[in-house]
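Colleague: These are the residues of each chain, in order.
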Amino acid sequence: MAITKTIRPGLIQMRVTDLKASVEFYQNVLGLDIVGQTSDGRVMLKTYDEFDHHSVVLKQAPESGFDYVAFKVVDADTLEELKAATEAFGYPVDIASDEQPGFGKRYGFKLCTGHRIELYADVELAEKIPMLKNPDPWVEMPRGMRAQRFDHLLLYGPNIAEAERYFIEVLGMFAPEICDTPDGKPFARWLTGGNKAHDIAFVEYERPNTIHHHAFYLEDWNAIGNAADLIGKHRVKRDVGPTRHAITRGQTIYFFEPSGNRIETYAGGYAAYPDNPQREWDIDEIGRGLFYYEGELFPSFLEIVT
Amino acid sequence: MKYTIKDATTGTEYICRDDESIFRAMHKSGRSIFKGGCEGGGCGICKVKILEGDYVKFKNMSRAHVSEDEEEQGIVLACCVKPLESIVLTKEI
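Keeping their order, the protein sequence lines are chains A and B. Residues in the first sequence are numbered from 1 upward in steps of one, following my numbering. Residues in the second sequence are numbered from 307 upward in steps of one, following my numbering.
Quick caveat, the hints were computed from the structure, so don't treat them as lab data. None of the hints are false.
If the Cβ cut is set under 8 Å, some of the chain A residues that face chain B in the computed set are:
#, residue
1, Pro62
2, Ser64
3, Asp239
4, Glu257
5, Pro258
6, Ser259
7, Gly260
8, Phe298
9, Ser300
10, Val305
11, Thr306
For every residue, glycine included, the Cβ atom is placed at its ideal position computed from N, Cα and C.
Between the sequences and the hints, there should be enough to build the whole structure, so can you do that?
Modeller: Below you can see the structure in the form of structure tokens.
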């Protein structure tokens, strides 16, 4: 397993304008389990197939959007090493003060794109975890879209060239695929710290601290079809799909949860290795890159963010 | 009950049930004035001014896109309001 320094994006906190409706959606449509509530009323959730205490936190707020994402790093020494390296890179680092039950020390900083990124090494196991001894594929039959894990996220913001440099130089990630503008400036970057095709992606965008989507992994193309049925049944606002990405090769549907944040359900995707050559997209071919079956861009896909 | 939603700019009319959002009525028609949208009050794409007709807000609108002052002036996200009678609206605010 080609893990470098970060294991995965293990925690995301999202702002929602209707906490009750959004929690119900994550629970019954996406199929996550509610882990509990923080003392200030945020709701913690996880998928049936995740081991850590929780992976998603929803917070009632006047605006929808992104609060922060936290990457789990391989151990406590690496955490301290990455804190020092982040400061040396030029980002002041703080210790996160908001409560995340089950999580150890979290360092956080503001990336040039305006997003808060956090790093942690320790998190307790959840009460409900997958079986370890002679394991069945699941303990209780998964609900709804049967999301298996919080997989990745796509952030929009300015100066993604610097963001890419941070994730590669400091966190030790690599970019299996890239897309540049005709004058050679980065338009989009897909970055990973392991064998997943991407842990995080960036698109160059004027407005800082915006999110395009966060994604949950589904088992296969059949599960994508099941998710599409649930989109129809629950009158969910679909954005694009079911289709396939040429970029990362994953199969996908995009839709919006009740507070308007875009969610992707994603299956498949190639295994990324740091020694493989980088794949590159011309910006005039990006429609096919994103939506391989349609071969065209959808205005809503590029322009709608929270 | 069903009402008519009219876009003042293009004159296009849509049929809207009293239990669905103005956004959804436009979206279903395939002739929406919006290129898409989150339908959750989050992205701000469907910001309109209601020129005529009464409506009810049934969802929170992100304050990143509609301020309290704007809301008082009839500026809303079309995905967060349902009609109480026929409506005339515009995207040009």
